[in-house]
Amino acid sequence: MITLQEGLDKPLMPETSDNIIIAVNRLDFFYGKFQALIDVNLEVERNRITALIGPSGCGKSTFLRCLNRMNDLIDSSRAAGSIKIDGEEVLSPKIDLVNLRKKVGMVFQRPNPFPLSIFENIAFGLRVHRLAQREKLEEIVHRSLEAVLLWDTLKDRLQRNALTLTLEQQQRLCIARLVAVQPEVLLMDEPCSALDPVSTQRIEELMQMLKRDYTILIVTHNMQQAARVSDFTGFFLLGKLIEFDVTGKVFTAPSNKKTEEYITGRYG
Amino acid sequence: MMDHNRMIDQDMAELKDLILKMGVMVQGLIHKSVEALKNQDNKLAQEVVEEDEKVDQLQLEVDEKSIQLIALRQPEASDLRFITTGMRIANDLERIGDLSEDIAQRAIDLSGQPLLKPLIDIPQMAKLSQNALSLVLDAFVKRDAATAHQVWEIERQIDDLRDRVSDELLEIMTKDAATVSRAFPLVLVSRHLERICDHATNIAEDIVYMVEGKVVKHGGRGEN
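Chains B and Y, in that order, are what the protein sequence lines are. Going by numbering that gives the first Met the number 0, the first sequence opens with residue 0, and the numbers climb by one from there. Going by numbering that gives the first Met the number 0, the second sequence opens with residue 0, and the numbers climb by one from there.
For the record, the hints were derived by calculation from the structure and aren't laboratory data. Small disclaimer: the values here were computed from a predicted structure and weren't measured. It is possible that some hints are incorrect.
Here are the simulated distance ranges between beta carbons [to be verified]:
(1) B:N111 / Y:A12: 38 to 44 angstroms
(2) Y:A12 / B:N98: 51 to 57 angstroms
(3) B:E87 / Y:L59: 40 to 46 angstroms
(4) B:R109 / Y:L19: 45 to 51 angstroms
(5) B:I73 / Y:E13: 44 to 50 angstroms
(6) B:R211 / Y:L19: 56 to 62 angstroms
(7) Y:V214 / B:G264: 25 to 31 angstroms
(8) Y:P122 / B:N221: 35 to 41 angstroms
(9) Y:E13 / B:N111: 54 to 60 angstroms
(10) B:L72 / Y:V214: 56 to 62 angstroms
Taking beta-carbon pairs under 10 angstroms as the criterion, some of the chain Y residues facing chain B (in silico) [claimed, not checked]:
(11) M6
(12) E63
(13) I66
(14) Q67
(15) I69
(16) A70
(17) L71
(18) Q73
(19) R94
Glycine included, C-beta positions come from ideal geometry on N, C-alpha and C.
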């Protein structure tokens, strides 16, 4: 169990290490004839928060969805190159997608709990993956809600419909749902864009805590959010990864002029 | 629910520690430089020159940390004032370090020649400067704007002492031109010490801005 304070010890400039969990090499991605990602190369460190920023349509969400093959759901989409997570090739046709998505979970812009009870929302994934005996379910639901700081508030209301929760609680529940199946990577696509500033702040704090146990990639339009929460930042533009570096460097002295223009609001 | 500000608070506490470390180091440099002069101790003077480099290094660290904090934590209001003030304080402390080094250089210049007379006013000026610096460092830690008035009072005393030292040395030099090489460095030292106190005053004024958001620099003291 992590403590609150431990989760808040993000250094301004993280030490880089060789602890790579995701290695992306020469990744191209197409929607039909349109190339959405062009020769993306990137290494993601374990237990760090990596933010992906860039203007709309630059490919950052497409990139995120490549990591757990969510793009497969779109007809005529095609990827080339290599994405290795823990050394395993994600783009291989042989990969077990159910397992991949258990290992690499995703949180979306709008919280999307199932129209079921709070308890069932978390138990659902465990049942799909046959991860827990019936008697263990309660324990895992407890632990997962605790990890997203919802347990104390909701412990007496576990049978209530999840859709009655506030948006922030719903988003936390969606994160708890992922945490329950013990993923390694959490992908977050604009996880705070439907939330008010106070809820956003709380989700950001939660991310700081969660990174002790998980590797987090977040796509955000909010550059200040990227600066606040992340250890590393990647800037995408027109399908290319223009710059990738420690966040402290990207937001104080970016190497690329295009990054500078985007960060200072001079782009376009 | 934890408070978001704890992230920025932790970083600001580190920034504060860096500035205090600089302050304590610089206080030591003022003391050592005047001791070196008084006791004609070249070794001690050399120590001051070397230690000033560490102060310079700390100032770079303060700048780096402050810029990172502004870029990554988006401080507002009192947090923002704390960080920008911290940068200015570090700048003043770095200048005090340089001036202490200048005093140490004068001590080296004067070595090998007997002092014109036992030094009394100059060590007194050094003591007052150190007091002023202690006051402002304490005020910085406690976020206490009231200290500024005490520092302004010390500044007046130091200005008077500098005038007295200069007049006295000028008289000696006028009477006997052969004393110039031994007297003039002391005139410079009194000037260095007066400048050191000016920097302490700047810090005091910055602290008023940091705590109250009021500008008291450049005639804005509202006193007299």
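Here's how the hints hold up against the structure:
1. B:N111 / Y:A12: 38 to 44 angstroms: About 40 angstroms separates the Cβ atoms of B:N111 and Y:A12, which means 38 to 44 angstroms holds.
2. Y:A12 / B:N98: 51 to 57 angstroms: violated (44 angstroms)
3. B:E87 / Y:L59: 40 to 46 angstroms: Once the Cβ atoms are compared, 44 angstroms apart, the range 40 to 46 angstroms for Y:L59 and B:E87 holds.
4. B:R109 / Y:L19: 45 to 51 angstroms: holds (47 angstroms)
5. B:I73 / Y:E13: 44 to 50 angstroms: holds (47 angstroms)
6. B:R211 / Y:L19: 56 to 62 angstroms: violated (31 angstroms)
7. Y:V214 / B:G264: 25 to 31 angstroms: holds (29 angstroms)
8. Y:P122 / B:N221: 35 to 41 angstroms: violated (58 angstroms)
9. Y:E13 / B:N111: 54 to 60 angstroms: violated (40 angstroms)
10. B:L72 / Y:V214: 56 to 62 angstroms: holds (59 angstroms)
11. M6: Holds - the Cβ of Y:M6 comes within 10 angstroms of chain B, reaching about 5 angstroms at its closest.
12. E63: With Cβ-Cβ at 9 angstroms, under 10 angstroms, it holds.
13. I66: holds (5 angstroms)
14. Q67: holds (4 angstroms)
15. I69: holds (9 angstroms)
16. A70: At 4 angstroms from the nearest chain B Cβ, Y:A70 passes the 10 angstroms test, so the hint holds.
17. L71: Cβ of Y:L71 sits 5 angstroms from chain B, so the hint holds.
18. Q73: holds (5 angstroms)
19. R94: violated (25 angstroms)
Of the hints listed earlier, those the structure fails to meet are numbers 2, 6, 8, 9, 19, in rising order.
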